[in-house]
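Q: Here is what each chain is made of, one letter per residue.
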Amino acid sequence: MLEKPTRLHDKFWEIFAKQDRNKIDEFKTYMDKFAVNFNLYKDGNFIEQSLPFDVIPRIIEKKEFDKIEKGLIQRVTALNLFLEDLYTDAKIVKDGIVPQEFIDSASGYLKEFVGFSPSKKVRAHINGIDLVKDSKNDEWVILEDNLRVPSGASYPLSIRDTYRKIYPDFFENLKIEPIKDYPKIITDAMNHVNTGGINVVLTPGRFNSAYYEHSYLAQKSGAYLVRAHELVVIDKKVYFKNYDGQKILVGSIYRRLDDDFIDPKFFNPESLIGVPGLIEAYLAGNVALMNAVGNGVADDKGIYYFVPKMIKYYLNEEPILQNAPTYLPYFEKDMDYVMNNMEKLVIKDVAEAGGYGVLFGHSMSALQIEDLKMMVKANPRRFIAQELIEFYDEKCYLNGNLEDRKADFRAYVVVGEDVKVWNCGLTRYALEEGNYLVNSSQGGGFKDTWVMEL
Amino acid sequence: MEYLTANVATSMYWLGRYLERIEATLYEINKAYDKIIDVDKNAGVKLYKKFEIDLKYTNASDFLDVAIRGDHSANLINLLKNARENAIISREYIDELAFGEIIELNEIAQRIAKSAEPIDYKDIDYALSLISEIWGAQTKRGHRKEVDYFLKLGKLVEEVDFRLRFDRKQKMTEFILEEINAIFKLLNPKIEINISQSEDIMGDLYKEMDKLIIN
Chain G
1 MLEKPTRLHD KFWEIFAKQD RNKIDEFKTY MDKFAVNFNL YKDGNFIEQS
51 LPFDVIPRII EKKEFDKIEK GLIQRVTALN LFLEDLYTDA KIVKDGIVPQ
101 EFIDSASGYL KEFVGFSPSK KVRAHINGID LVKDSKNDEW VILEDNLRVP
151 SGASYPLSIR DTYRKIYPDF FENLKIEPIK DYPKIITDAM NHVNTGGINV
201 VLTPGRFNSA YYEHSYLAQK SGAYLVRAHE LVVIDKKVYF KNYDGQKILV
251 GSIYRRLDDD FIDPKFFNPE SLIGVPGLIE AYLAGNVALM NAVGNGVADD
301 KGIYYFVPKM IKYYLNEEPI LQNAPTYLPY FEKDMDYVMN NMEKLVIKDV
351 AEAGGYGVLF GHSMSALQIE DLKMMVKANP RRFIAQELIE FYDEKCYLNG
401 NLEDRKADFR AYVVVGEDVK VWNCGLTRYA LEEGNYLVNS SQGGGFKDTW
451 VMEL
Chain P
1001 MEYLTANVAT SMYWLGRYLE RIEATLYEIN KAYDKIIDVD KNAGVKLYKK
1051 FEIDLKYTNA SDFLDVAIRG DHSANLINLL KNARENAIIS REYIDELAFG
1101 EIIELNEIAQ RIAKSAEPID YKDIDYALSL ISEIWGAQTK RGHRKEVDYF
1151 LKLGKLVEEV DFRLRFDRKQ KMTEFILEEI NAIFKLLNPK IEINISQSED
1201 IMGDLYKEMD KLIIN
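From first to last, the protein sequence lines stand for chains G and P.
So the first sequence is residues 1 to 454, counted in the numbering used here.
So the second sequence is residues 1001 to 1215, counted in the numbering used here.
Calculated directly from the structure, the hints in this document are not laboratory data.
Chain P residues, not near chain G, derived (Cβ > 10 Å throughout):
| hint | residue |
| --- | --- |
| 1 | Asp1040 |
| 2 | Lys1041 |
| 3 | Ala1043 |
| 4 | Phe1051 |
Dumping the calculated DSBU-like pairs for lysine-lysine here, alpha-carbon to alpha-carbon at most 35 Å:
| hint | chain 1 | residue 1 | chain 2 | residue 2 |
| --- | --- | --- | --- | --- |
| 5 | G | Lys184 | P | Lys1145 |
| 6 | P | Lys1152 | G | Lys184 |
| 7 | G | Lys28 | P | Lys1114 |
| 8 | G | Lys220 | P | Lys1190 |
| 9 | P | Lys1140 | G | Lys220 |
| 10 | G | Lys180 | P | Lys1081 |
| 11 | P | Lys1185 | G | Lys220 |
| 12 | G | Lys184 | P | Lys1081 |
| 13 | P | Lys1081 | G | Lys247 |
| 14 | G | Lys33 | P | Lys1114 |
| 15 | G | Lys247 | P | Lys1185 |
| 16 | P | Lys1081 | G | Lys28 |
| 17 | G | Lys236 | P | Lys1190 |
| 18 | G | Lys237 | P | Lys1185 |
| 19 | G | Lys236 | P | Lys1185 |
| 20 | G | Lys236 | P | Lys1211 |
| 21 | G | Lys28 | P | Lys1140 |
| 22 | G | Lys28 | P | Lys1152 |
| 23 | G | Lys220 | P | Lys1211 |
| 24 | P | Lys1122 | G | Lys28 |
| 25 | P | Lys1207 | G | Lys236 |
| 26 | G | Lys165 | P | Lys1140 |
| 27 | P | Lys1207 | G | Lys247 |
Here are the in silico distance ranges between beta carbons for each label pair:
| hint | chain 1 | residue 1 | chain 2 | residue 2 | range |
| --- | --- | --- | --- | --- | --- |
| 28 | G | Ser441 | P | Leu1097 | 27 to 35 Å |
| 29 | P | Ser1115 | G | Leu402 | 30 to 38 Å |
| 30 | P | Leu1097 | G | Gln246 | 30 to 38 Å |
| 31 | G | Ala351 | P | Tyr1121 | 55 to 63 Å |
| 32 | G | Ser363 | P | Leu1097 | 45 to 53 Å |
| 33 | G | Asn401 | P | Asp1040 | 52 to 60 Å |
| 34 | G | Phe331 | P | Leu1097 | 54 to 62 Å |
| 35 | G | Glu270 | P | Ala1113 | 29 to 37 Å |
| 36 | G | Asn401 | P | Asp1095 | 34 to 42 Å |
| 37 | G | Lys42 | P | Asp1123 | 25 to 33 Å |
| 38 | G | Lys180 | P | Leu1097 | 16 to 24 Å |
| 39 | G | Ser441 | P | Ile1176 | 44 to 52 Å |
Every residue, glycine too, gets a C-beta built ideally from N, C-alpha and C.
Please model the complete structure; the sequences and the hints are all you need to start from.
A: Here is the structure:
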């Protein structure tokens, strides 16, 4: 189902009708030529591929985006307060707002970090918040918070430049918010928490799925792109190894690898992509890590349920943006509801990400439903259930035809001195009609997002 | 102040070497191909002896085929793949247009590698023009940075290697070596360096490279 077109959409289509559609192929040529890639491992093989891109942008009216912005600032502020509280006083647990059991069983919760406060007490610096627009009430709904290593911002950034070259008419005739300041927002956030030294982007390396993005953001933000062995920790300080043997003090690390791999001395000893001793330096307050270690607890699918409560608890405000209606089988009342309504619910395995472990009741057989019920009963904390949100489709120009595809929207919220919401984002659309999974790892594509006003 | 990891410095250096090697080899292939047609059937054999490769072919077209995609260490398809890898590792330091040309160059190479058709001469001409554009795009940068000198160093070292293999005029080689010495000093003023004509110029250069880029 498509959203009712606004005057902004009409203006877009007016200009689109006058454009040379043969030029659409130039986007793919550009992405191939400049290796705007999303890498995958398939059947043990490394595949470099450009992400599917659709030329029809998602259009969000400025005043609508302003509301999203307010809601996201509120949410990310509360999530940061939650993380800082949880790892220090844990008042929210003591006050019974979030059950201890949920904290203990969240895989991203790291007890070893209790008592530690990172630089400027900022923990969730760069956040990707996934939203959809519910067709039932025209409201934006939060589906997921990504507070660890959210990726994707580089794709709309890269494509916008190309868009302006291929189809300048849109930008000359419409009031589309410019988006080029994202790297500066990142730089400001890095500088804000920097403990003294240079900024670096730590990548797992050339064969990571998002290597293009690591390289792009390093270049645009002026940080140095490094792999683990190009950093060294001496006396609890992190140094960048210059080619001539000089060691340059590092003050802030925008790390693009998960907690488990970041320091083989502290976490997974098998990790070849981590920096030995990094956590010691971090705990000594000698370097800032963006995002902080241990954030996984806050974007755990089970903890998601409690975010509206966090907003009330920390900010004494009503949430501006709502969660999708969510049930925790852990609670008896919710378990009953889930058992009686599984056919219409979406069941998510809290340990999975990237669109994996998401089961749609309406597309399962009776036998599958029964199996799933048994699994949920056996391990209620492992699952959450959500009402299926009939979110809007977006018009996509696929193979020369206009087709409707489900699309979500990842907004980027960056916390530095202030909390900033980038006035763009990653709109991801599903590969097939009717499919609700839009993740890149599920074959989904992306489109630009234009925040516009008349 | 600009910092560089050894990885980027090395990648830029090798990118310069590979691009220069590909360009110089293509020019030599060009000349040999022309001779094989009606002047000297062995021109290709003689050329590849300089690379210590025993090349076998039946005619000019076959020479092109085995020279470019044959199973040997100077296979241009592999050289282009290596150039692309080095470009990807150091992409944030490379001019955007130059980077795009390198990717395109590799696309041509991959197409040639997969094709069963004889090699089209137009592809070679186009590849050469792309390489010229890469050098042009990279050198037009108004504000030259340290990292650019690693690319240039790679190019010059490869030029010396070619000159030695092809017994070209010593005077010009001396001139290039002077330029190399100057770049070494610029990149690390602490290095005492004065590479000149010797028994083993390439060996001397490699030793200095090991001092310049500390892994």
